[in-house]
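Peer 1: Given next are the chains, with one letter for each unit.
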Amino acid sequence: GENVEQHPSTLSVQEGDSAVIKCTYSDSASNYFPWYKQELGKGPQLIIDIRSNVGEKKDQRIAVTLNKTAKHFSLHITETQPEDSAVYFCAARSNSGTYKYIFGTGTRLKVLA
Amino acid sequence: GAGVSQSPSNKVTEKGKDVELRCDPISGHTALYWYRQSLGQGLEFLIYFQGNSAPDKSGLPSDRFSAERTGGSVSTLTIQRTQQEDSAVYLCASSLQDGTYEQYFGPGTRLTVT
Numbered sequence: 001g002e003n004v005e006q007h008p009s010t011l012s013v014q015e016g017d018s019a020v021i022k023c024t025y026s027d028s029a030s031n032y033f034p035w036y037k038q039e040l041g042k043g044p045q046l047i048i049d050i051r052s053n054v055g056e057k058k059d060q061r062i063a064v065t066l067n068k069t070a071k072h073f074s075l076h077i078t079e080t081q082p083e084d085s086a087v088y089f090c091a092a093r094s095n096s097g098t099y100k101y102i103f104g105t106g107t108r109l110k111v112l113a
Numbered sequence: 114g115a116g117v118s119q120s121p122s123n124k125v126t127e128k129g130k131d132v133e134l135r136c137d138p139i140s141g142h143t144a145l146y147w148y149r150q151s152l153g154q155g156l157e158f159l160i161y162f163q164g165n166s167a168p169d170k171s172g173l174p175s176d177r178f179s180a181e182r183t184g185g186s187v188s189t190l191t192i193q194r195t196q197q198e199d200s201a202v203y204l205c206a207s208s209l210q211d212g213t214y215e216q217y218f219g220p221g222t223r224l225t226v227t
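One line per chain: the protein sequences are P and S, in this order.
The first sequence begins at 1 in this note's numbering and counts up by one.
The second sequence begins at 114 in this note's numbering and counts up by one.
A couple of the hints might just be wrong.
[Stated by the list, open to error] With a Cα cut of at most 30 Å, we get these calculated DSS-like pairs of lysine-lysine:
1) Lys-37/P - Lys-170/S
2) Lys-71/P - Lys-128/S
3) Lys-22/P - Lys-128/S
4) Lys-42/P - Lys-128/S
5) Lys-130/S - Lys-68/P
6) Lys-22/P - Lys-68/P
7) Lys-170/S - Lys-71/P
8) Lys-130/S - Lys-42/P
9) Lys-37/P - Lys-124/S
10) Lys-42/P - Lys-170/S
Hint data in this document are derived by calculation from the structure and do not stem from the laboratory.
Construct the complete structure from the given sequences, taking the supplied hints into account.
Peer 2: In structure tokens, the structure reads:
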């Protein structure tokens, strides 16, 4: 069945450094790849997304890259700040008849001041 | 404006009892999703509604789980004869149309089965 693998499960970086989280998906029909940030006690919040016709997208300190051939997509956070500490989830969605999202298992990011 | 709301925020129930979890989507959002998040885990898809119909209920773990949506708005997830493994956070999300737009998540309902 469909699967999304996410690595690493935990990541600690010094404030100001960059953080990279990687995901791999299995369903070649996936065409939409959102990233969510989840803070303690809250629901996930979309921070950036990318569609399959684009290779890279950037929004200030956050960027996402997509390699459709390898079925990889990655989240890049530059100049990390303590408030970036949270759990980050990647997801993949197919448009082949159902709009089900498959989520990765999450990455707990800690930014050390 | 108002976001997705869920109630109750916390629910403690005894094994074997039935529970109902409620989701109020953003007004005008026709797509609604239910997910389950176990401690330290990712989001597990349960069911997707488009309007009042559920084109995809493939994620419901057993026939003890059911969901309905009335009037194209509020949705209720019902778990019958709860088991301890049902303990998790149940998240609801809505989007403007048929899953082609950003999902907005509610804060979740934390269910604990004792």
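Peer 1: Against this structure, judge whether each hint is valid.
Peer 2: Taking the hints in turn, this is what the structure says about them:
| no. | hint | verdict |
| --- | --- | --- |
| 1 | Lys-37/P - Lys-170/S | holds (26 Å) |
| 2 | Lys-71/P - Lys-128/S | violated (42 Å) |
| 3 | Lys-22/P - Lys-128/S | violated (39 Å) |
| 4 | Lys-42/P - Lys-128/S | holds (26 Å) |
| 5 | Lys-130/S - Lys-68/P | violated (46 Å) |
| 6 | Lys-22/P - Lys-68/P | holds (14 Å) |
| 7 | Lys-170/S - Lys-71/P | holds (26 Å) |
| 8 | Lys-130/S - Lys-42/P | holds (26 Å) |
| 9 | Lys-37/P - Lys-124/S | holds (24 Å) |
| 10 | Lys-42/P - Lys-170/S | holds (25 Å) |
Violated hints, listed in ascending order, are 2, 3, 5; each of the other numbered hints is respected by the structure.
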